[in-house]
Every structure is written in structure tokens, then in C-alpha cells.
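A.B. asks: Residues per chain, in single letters:
There are 2 protein chains.
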Amino acid sequence: MVPRSNRGGPIRDIMKYKHPALTVDVIIENGDEIVIIKRKNKPKGLAMPGGFVNEGELLEERAIIEAKEETSLDVELKELLGIYSDSKRDPRLHTVTPVFIAKPVWGHVKGGDDAADAFWININEIKSHEFVFDHKKVLLDYLKWRKKKGTYWSTK
Amino acid sequence: MVPRSNRGGPIRDIMKYKHPALTVDVIIENGDEIVIIKRKNKPKGLAMPGGFVNEGELLEERAIIEAKEETSLDVELKELLGIYSDSKRDPRLHTVTPVFIAKPVWGHVKGGDDAADAFWININEIKSHEFVFDHKKVLLDYLKWRKKKGTYWSTK
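Chains as they are written, first to last, in this note's numbering: chain A, 1 to 156; chain X, 1 to 156.
Rather than coming from a laboratory, the hints here were simulated on the basis of the structure.
Any given hint might turn out to be false.
Within a straight-line C-alpha distance of at most 20 Å, the following computed DMTMM-like cross-link-like pairs (lysine to aspartate or glutamate) qualify [stated by the list, open to error]:
1. K156/X - D74/A
2. K136/X - E29/X
3. K78/X - D86/A
4. K78/A - E79/X
Covered stretches of chain X, going by a simulated chain A footprint (3 or more residues, C-beta under 8 Å) [said to hold, decoys possible]:
5. 18–31
6. 94–106
7. 116–124
8. 129–139
9. 144–155
The structure presented is a predicted model; accordingly, all values stated were derived computationally and were not measured.
Where a beta carbon is used, it is the ideal one built from N, C-alpha and C, also for glycine.
Bound conformation, chain A alone (with noise of 0.2 Å):
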């Protein structure tokens, strides 16, 4: 049952209830093309490179982390590109993840960690690939806001 509200009470009342649990995603973009990772867990498949947040964590730092992880590169965000909350997003458990746009700033691409492989793809092929989650739909956010920028989530 969702609760009509539990902002402000006490703290025991605000842990009563169960959060969606965070993660991160990273577009890194160069140009035209993007990285894409090849993921070595399930679900397997193509996505962005992201993790999840633990507590204690700030958000732009594990976003950081889990790009040279996955991909080798140093990175620097520009923007928040939106945060998609959709509890069906990821088949494991309902997870929250705000998306954030960055450059390499350093290192070549390669595959690490949680990532098989890493690589650039040109931003055209994103329409014809498969990708895990609801990247494609970020994805597809991603290019919209090439062309006019503006943020988006999950029923944008």
C-alpha cells in the first residue's frame, strides 16, 4: 500500500517504508558517437555504464566511478540528462537512476569490471541496437536532447 504521505514525521515512521533502491548511468559522448557497454551480469546485453549508489555516496562521484570502471575512461559530467523511476525498469528490483552526460577527459576505451566489453558506437545506431533496461528509451531521450536539449523521465 502506498502511503498518502511520510515526509515529515518522525524518523522511525519515514523508515517504515520501503525506498526504490539508486543508481547511475552515464552517456559519454564524443562527437557523434557514444560508449556502450557489454554487460558480463545479468540481464545481459547492451547498456549505458552505471551503477548503483550506496549510502554515504554523492550521486556525481559513483557516476564517475562506474565510467572508468566500465570503460577505462576518465570522465567529466556537463548535464543531467533526466532521472527515469519506472518500477518496471529493471527486471531485479525497483531501481531509480538519473542519467547524467559527460566527456572523456582522459583513456581509451576498454571493457572492465561489470563490463565485458566497452566501445564507441555512432549515435545513428542507437535506434537499430537492443539494450537492457529502459536504456533505449534514454537513449532515445539522449537524442531528443541533442537536438533541443530539456530534461526527461520516465512518462516524459
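Position chain X against the provided structure of chain A, taking the given hints into account.
C.D. replies: Relative to chain A, chain X alone:
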């Protein structure tokens, strides 16, 4: 200890780590005015309307619900201003909050639920007020957004 990475492994590994709690806040704007609430619960003080996001919920729906409960306004979300994840931003626990910019579509401002009061302030008053959590930083980012758009986060 912050794990090196914990994205892709089996679900039992993912759930080993604690995640921050997710909240959502809303800047309701109309011309040069925005709606501010006076919190009924601790920490007491001025704030943007907002609240915790529960498992299974869409962030954007929770934003609209909290705006309605705390300000009595029906709102429409326009853009995402940013996302704030500094672990010190909320004295109660580590919360991460995306902030939406919205416009009122129906109703008159009246405090309700966790808001003891709700009222319009001119954006020129933001600088001279104190706010709870990191809401002053968020609202100063909003003033930047009005001038040059962009997206914002805790360390930007």
C-alpha cells in the same frame, strides 16, 4: 567501507549494500514567484514542498502528489532542475532528491499535510531567507537556471 563497485552481480550482492533514501522536491513557479512551505515537523523551517518516494512509485507522480498535499495546488512538471545527493544535506539520514520545476494549473495556495503553511514569495526574497536542508543552495541554483538553464547537483 564503500565497495569498489556493485552493479551487476547477483541480487543478493546488490542488496548487501545500503542505498540512500529517495525524496523529491518541487519548485512551483509563476512569473517571478515560487511557493515555499513552512515545515510542520523537524527540521522545522522554510522548504520547498516535497517528500519521500516509496518503492513502486514513479518519482514524477510523487512530486505531483506532494505538491498537492502541501500547497493545495495541482501542478504540471516542466523540467528537472537537478539532483542533490550530499550525504550531509539532511540531518536525519542520507537522502537524495531530484528537484522538479513545475507550474500551477489549478487551485489556491494553502498549507496542508506536513506543511503548517504555504505561500508565494518573490524570487528576490530567496537570498534573504534561511531554508532547511540544502534548499537554499537548490533555490540559488534555480536562480541560475532562470538566467541560463542547465542542470545542477550538490558539488556543481
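A.B. asks: Are the hints correct? Go through all of them and say.
C.D. replies: Structure-based check of all given hints:
Taking the CA atoms of K156/X and D74/A, the gap is about 18 Å. The hint holds against a cut of 20 Å. As the CA atoms of K136/X and E29/X are separated by approximately 16 Å, the hinted pair is consistent with the 20 Å bound. Between K78/X and D86/A the CA atoms are separated by roughly 18 Å; this keeps the pair inside 20 Å, and the hint holds. A hinted pair counts as satisfied when its Cα atoms are at most 20 Å apart, and K78/A with E79/X qualifies at roughly 17 Å.
With a threshold of 8 Å between beta carbons, the proposed coverage of the segment 18–31 of chain X by chain A holds, since 6 of its residues qualify and at least three are required. Look at the segment 94–106 of chain X against chain A: 3 of its residues bring a Cβ nearer than 8 Å to a Cβ of that chain, three or more, so the hint holds. Counting residues of the segment 116–124 of chain X whose beta-carbon sits less than 8 Å from any beta-carbon of chain A gives 0, not enough to reach three: the coverage restraint is violated. Beta-carbon proximity to chain A at under 8 Å applies to 0 residues in the segment 129–139 of chain X; the threshold of 3 is not reached and the given coverage is violated.
Coverage of the segment 144–155 of chain X by chain A holds. Counting CB-CB distances below 8 Å, 7 residues qualify, and the rule asks for three or more.
Checked against the numbered hints above, the structure breaks hints 7, 8 and satisfies the rest.
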